[in-house]
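Student: Got chain A sorted already, so can you dock chain B onto it with the hints?
Residue numbers (the UniProt record's numbering), protein chains in the order written: chain A, 1 to 353; chain B, 1 to 353.
FYI, nobody ran anything at the bench for these hints, they're computed from the structure.
It is possible that part of the hints are untrue.
Claimed, not checked - Using 20 Å as the maximum straight-line C-alpha spacing, the simulated DMTMM-like pairs for lysine to aspartate or glutamate come out as follows:
(1) A:249 / B:275
(2) B:249 / A:275
(3) A:351 / A:22
(4) B:351 / B:15
The structure presented is a predicted model; accordingly, all values stated were derived computationally and were not measured.
2 protein chains.
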Amino acid sequence: MSTCNAYGACEAHADLTPMRIERRALRADDVAIVIDYCGICHSDAHAVHNDWGSTVYPCVPGHEIVGRVSAVGPRVTRFKPGDRVAVGCLVDSCQTCPSCEDGQQQNCTQGPTATYNGRDRHTRETTLGGYSESIVVREEFVLRVPAALDMRYAGPLLCAGITVWTPLRRYGVGAGSRVAVVGLGGLGHMAVKLAVALGAQVTVITTSASKADDARALGASDVLLSKDPKAMQAAASRFDFILDTIPTKHNVNPYLMLLGRNGVLVLVGALEPLEAVHGALLVMNNRSITGSLIGGLPATQELLDFCAEHNVLPDCEIVDVHGINAAFRRMQANDVKYRFVIDMASLRDVKVD
Amino acid sequence: MSTCNAYGACEAHADLTPMRIERRALRADDVAIVIDYCGICHSDAHAVHNDWGSTVYPCVPGHEIVGRVSAVGPRVTRFKPGDRVAVGCLVDSCQTCPSCEDGQQQNCTQGPTATYNGRDRHTRETTLGGYSESIVVREEFVLRVPAALDMRYAGPLLCAGITVWTPLRRYGVGAGSRVAVVGLGGLGHMAVKLAVALGAQVTVITTSASKADDARALGASDVLLSKDPKAMQAAASRFDFILDTIPTKHNVNPYLMLLGRNGVLVLVGALEPLEAVHGALLVMNNRSITGSLIGGLPATQELLDFCAEHNVLPDCEIVDVHGINAAFRRMQANDVKYRFVIDMASLRDVKVD
Chain A
1 MSTCNAYGAC
11 EAHADLTPMR
21 IERRALRADD
31 VAIVIDYCGI
41 CHSDAHAVHN
51 DWGSTVYPCV
61 PGHEIVGRVS
71 AVGPRVTRFK
81 PGDRVAVGCL
91 VDSCQTCPSC
101 EDGQQQNCTQ
111 GPTATYNGRD
121 RHTRETTLGG
131 YSESIVVREE
141 FVLRVPAALD
151 MRYAGPLLCA
161 GITVWTPLRR
171 YGVGAGSRVA
181 VVGLGGLGHM
191 AVKLAVALGA
201 QVTVITTSAS
211 KADDARALGA
221 SDVLLSKDPK
231 AMQAAASRFD
241 FILDTIPTKH
251 NVNPYLMLLG
261 RNGVLVLVGA
271 LEPLEAVHGA
281 LLVMNNRSIT
291 GSLIGGLPAT
301 QELLDFCAEH
311 NVLPDCEIVD
321 VHGINAAFRR
331 MQANDVKYRF
341 VIDMASLRDV
351 KVD
Chain B
1 MSTCNAYGAC
11 EAHADLTPMR
21 IERRALRADD
31 VAIVIDYCGI
41 CHSDAHAVHN
51 DWGSTVYPCV
61 PGHEIVGRVS
71 AVGPRVTRFK
81 PGDRVAVGCL
91 VDSCQTCPSC
101 EDGQQQNCTQ
111 GPTATYNGRD
121 RHTRETTLGG
131 YSESIVVREE
141 FVLRVPAALD
151 MRYAGPLLCA
161 GITVWTPLRR
171 YGVGAGSRVA
181 VVGLGGLGHM
191 AVKLAVALGA
201 QVTVITTSAS
211 KADDARALGA
221 SDVLLSKDPK
231 AMQAAASRFD
241 FILDTIPTKH
251 NVNPYLMLLG
261 RNGVLVLVGA
271 LEPLEAVHGA
281 LLVMNNRSIT
291 GSLIGGLPAT
301 QELLDFCAEH
311 NVLPDCEIVD
321 VHGINAAFRR
331 MQANDVKYRF
341 VIDMASLRDV
351 KVD
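This is chain A alone, in the form it adopts within the complex (with noise of 0.2 Å):
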């Protein structure tokens, strides 16, 4: 067992505050993890404010992890102190059922374990996340940053980036698909650069005109404002793939729209019922809707390596620990470009009582 400095929630809605949490003693399969940086996540907020009701204080958040291996236990065969590694969503999973096999542990069947408020498989003690200096982590939930990959940046690609990397691949995004992307924040970003690194044509849609010169930069070669009737009515059919990152309840039929034949519209963000969906919009032209939930462990490093590869890069703003309340606010008021990452070397030298 040992102890570090850690930012955490005591109860909900209440501001984060420095504390002290225990970290457990490496396990045989274990890896500990000095931690650089840490990505803000969206259900970091969430999770502090106990929005799905399922928050166990006090919760340190963070599943965008990004540091150094400090040490490792006797069975861990791939890392050695001093490697760049990263963590994600997940710490452990079953391992054994037919989705762990098909590396997609984030359906694993018993249900995954989260890297905060999950519960440890074998203590059965809640999971704290990246909002802190070190963890330890079960090699096989451990990934490797590639040495061409900023360390600084790498964080909202564990999270964001794998969240729209998982359909772009399950649908073979790629030279010649017509994608779109519906919302411009921290997945919708993200989802803009890797189609268009996919070799995409891709434009956003959006309700904001504002976004446009936005967009444009990330790489999309088109901007549909989604309030524009008759703008819409003109890209009727015209998609293969739509990215949806809505967050919350919407109607996706203006979307659907805009699928041709055999395409496909997929959800990211919005967890609860949406407003109602026309059969006939799915009927003709064998249009679907699908939703997908973060993506498994051989994707998130198929992620970083292409990242690596292709200089594919989060926007990220980089504040250091004692900003975090201001970042949570900022974030849930949309008021930043794209994710906010944590210098974690900033909670070093915190004095807790």
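Tutor: For chain B alone, coordinates are given in the frame of chain A:
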């Protein structure tokens, strides 16, 4: 030009009445067909009643047509007089768009020509369907009825059958597939028979315990009562593929729950807004909802050949033309197991004023 007897509607909601109609003179690529049998489809009633607001009167319905070739145009190469043939929901399309080139004429981007209440691509006249003694159809839209297929029962394959066959094939249903069919009407009973013949394990989901014996008689290995919450809960994530034949607005969430990882629910009935689909049910397990519309010519021929080879036939009640109006009323009261077929021989003796 030639005239023949038919049964049609002169105005919305009126009974069908005998009438004389004209059939075009053979074009070079046309096949003239003497109709022996024509299935009655729910959409025939919708058209006759103008439920979709697009009916042109007089309307002669019927798009499950089975008969024999009586004459061919000079450029026809695949058929000769006497051949056993069939015509389904489509009698023409542009033949040049990507959908047509893929043999998906039902998705022709210029709009296919429907067998009735469509518009002839040359004359712009309204097409008249199969509740008639004869029909003239472009060769490419004429199907071959294999010798082993009973002509009396082939009709419903051309709409009910192909509607369920297309998604069964698109999603690779076969040995080992865990399939559920929601609703046991004309479409549902064909889906059960075809999925069983493809080697799948088939469950029928129904509101009515009284349908259990029927479902098993059709080949289903299991029956799930959608009104039994415990049974539904116990079946969570059990299926790979659900064919949803419910023809009206409904709640798909209880069925989505039943899909395992990458599972697909295919709508073939509901052409209207669904009750609110829950986004989380799509995101978890990467479930999809999609729709499917009848099928293309190659798939329809494949279905006829498959049914001949595997001796799969719809359960039909055969009526003569004088029973059309009674059959319509019984169909709309769901009082048929499972499709009506009109014996068109009975139309030849009708005297029309």
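Student: Evaluate each hint against the coordinates.
Tutor: Do the hints match the structure? See the list:
| no. | hint | result |
| --- | --- | --- |
| 1 | A:249 / B:275 | 13 Å, holds |
| 2 | B:249 / A:275 | 13 Å, holds |
| 3 | A:351 / A:22 | 16 Å, holds |
| 4 | B:351 / B:15 | 17 Å, holds |
Comparing the model with each numbered hint stated earlier shows that all of them hold.
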